[in-house]
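Engineer: Each chain, written out:
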Amino acid sequence: MEREILIVGVNHRKAPLEVRERLSFDDGLLDQALRDLMALSPVEEGVIVSTCNRVEVVAATSDGDSAVEALVAFLARGEHLASEQLGKHLSVYRGREAVRHLFRVAASLDSMVVGEPQILGQLKEFYSRAASVGSAGTVLHRCFHKSFSVAKRIRTETGVASKAVSVSSAAVELAYRIFDRLEDKTVMLLGAGEMSELAARHLLAHGIRGIIVANRTFERAIELARDFHGMPVPFEDFPRYLQLADVVIGSTAAAGYVLSRARVQEVLRARNYRPLFLIDMSVPRNFDPAINELDNIYLYDIDDLGGVAQDNRDQRGREAEKAETIIEEEVDSFWRWLSALDAVPTIVALRQKMEAIRKGELEKTLATSLREFTPREREAIEAMTAAIVNKILHAPLTHLKQHDRQREAFYVAAARQLFDIEEPEER
Amino acid sequence: MTTVSLAVALALYLLSTASFIVHVITGQASTRRVAIAFLACAFAVHAASLGVRAFLLGYESIATFQQELSFIACVMVGLYLLIAARANLTVVGALVTPLAFLFTLSALAFNAPTPALPKRLQNVWLPAHVAPAFLGYAIFAVAFCLSLVYLLQERQLKAKRKGDLFRRLPSLETLDDLNHRLVTWGFALFSIGLITGSVLAKETWGAMWSWEPVEVWSAVTWLLYALLLHARTVGWRGRKAAALTIVGFIVLVVSFVSVNLVFPGKHTGTFG
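Line order of the protein sequences matches chains H and W.
For reference, each letter of the first sequence is one residue, going 221 to 647 in our numbering.
For reference, each letter of the second sequence is one residue, going 48 to 319 in our numbering.
Source of the hints: derived by calculation from the structure; they are not laboratory data.
A portion of the hints provided could be inaccurate.
To be verified - Covered stretches of chain H, as calculated for chain W (at least 3 residues, CB under 8 Å):
(1) 387-399
(2) 489-502
(3) 514-521
Quantities reported herein were computed from a predicted structural model and do not represent experimental measurements.
Here a beta-carbon is modelled for each residue, glycine too, at the ideal position from N, C-alpha and C.
Could you build all of it, start to finish, from the sequences and the hints given here?
Structural biologist: Have a look at this one:
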């Protein structure tokens, strides 16, 4: 049976947010989920990746078909999602496809906003969780480490990640087109969504002075404000604090506008018409689009920010092409390693290598020092050297013929390295 | 001699303008340094040329339309070099430099011999009137360029248009702050020029105010800039302030040209 890597899951390309949310793995339950994953019989190794854009299981198996089935059931677990309902949102990558997908994810080529830097850190985090639980083995260790080095290579060799591309970086870039410096500015978070939190972190990294957090659940506002050394305010009171803010990020789940044009006009007067940068991160929108008609107000919604990223993506088309070429190279090299990872070809290669050494040395000796030997004596020497090689190889070969595929992969990888059997991608 | 040095300065302005344009289009950092270097050389040559002429004549001479333009261009460029050292205002330079080029070009093109300065005008009030007034004009010219860039950046932000060019524009806050400061200084100098001018008028013509075209125009311009500064205190910042700065400068140019070329009064090089 051929060893295979596969990825089963949902991502932003085919699955809407509601589906991704339902399938996502809670951080506290991740270790247990990894153990459950390992309990599935066709799965030899597994890593779970669960971010807001994707919920994907990366697995190594020797029985691809039944593993796919088992993984789909695993993903649908407690959720009563009918398989066929899940099916149309599901993405399944097998073999080289799967390796390519993992490399592209790591290099942020598959991100909603191509080139955003967060995904690599997230991937490393999920991998190390799996490694500590023990669900990642030889194949996935190699595959993930390779994906990290591919990501690094793409970062340094291409311009894919060189510009601000994530929505939050786009927000920072815009802030710098409005404001001279951020050190004396204040940001207000309306609602404590993941995206707005991320944007706030970016702004803080650029030195923004103060943070005001308003959230419907006041406890969450306090928690977040403590995180940022900011000031929590009750949600109902946020209009009173609005005049203190220079950047306002809205991400509440409100069905209607929480900020009207008239309200902003009042705020503007109160702040003597100093410019105000409003970022609407929520769908449906939090801020009335008519606000943008006011002087000294700059209102951007998530689409507008995405538009910024889109622009960057167009400019980087050629860079992305370069990145895809690197991906293909690395997939090839990984694939050569993986297909050599089976016991049988390794045993064959090992035997061939030993046999070549034996033959070479034997011929050399028989042609020189043992020149006078009779054919009978030569046969005896021949038999003896063959026996020595067989005896030496016996123990290693027994270990290579493991029934446990995960251990087998480990021994095969070790043997190939110890005996220096050609591993094309090693530099 | 001064004509030759002015021509050299003119060539350097042209080279600097070209480098600025290349920088704005490509964003290469090296072209920006080249543009600034050319501009600094042009300024040095231009200022030296003005200095040599003043030395030869024995007094500061900003008597003819051409000399006025040349003086304004030189001060504008000096001022720009001064502020460009602090903030990245390359795009503003791409406006200031061609403007300086145009002014210097017309100064060369309409070059007329400097008439001798009448004895009665050779007193302390003439430089006290002319210097601040033209310094003010130069400052207003730079403020005008800043305002143009402000309106461009503001429109792009409102329209949510992106691109490398707009990323190279200075921030709205930078532009607005600088504009405010420049207009304040320009207004102060312009006001001094008006006051010393009326003293000079009293000394030479006997009346502080005689409804000269230049006096009327100057009063209108002064009122416009006064209005702009006042409006800022009640929240007219940003786009409105930039628009008003542009209107103020256009009025200034119209008055300058019309007074000098269309309705020459006692103020032009003839000294009535």
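Engineer: Run every hint past the structure and note whether it holds.
Structural biologist: Tested hints:
{"no.": "1", "hint": "387-399", "result": "holds (count 6)"}
{"no.": "2", "hint": "489-502", "result": "holds (count 5)"}
{"no.": "3", "hint": "514-521", "result": "holds (count 4)"}
Hint compliance for this structure: no hint is broken.
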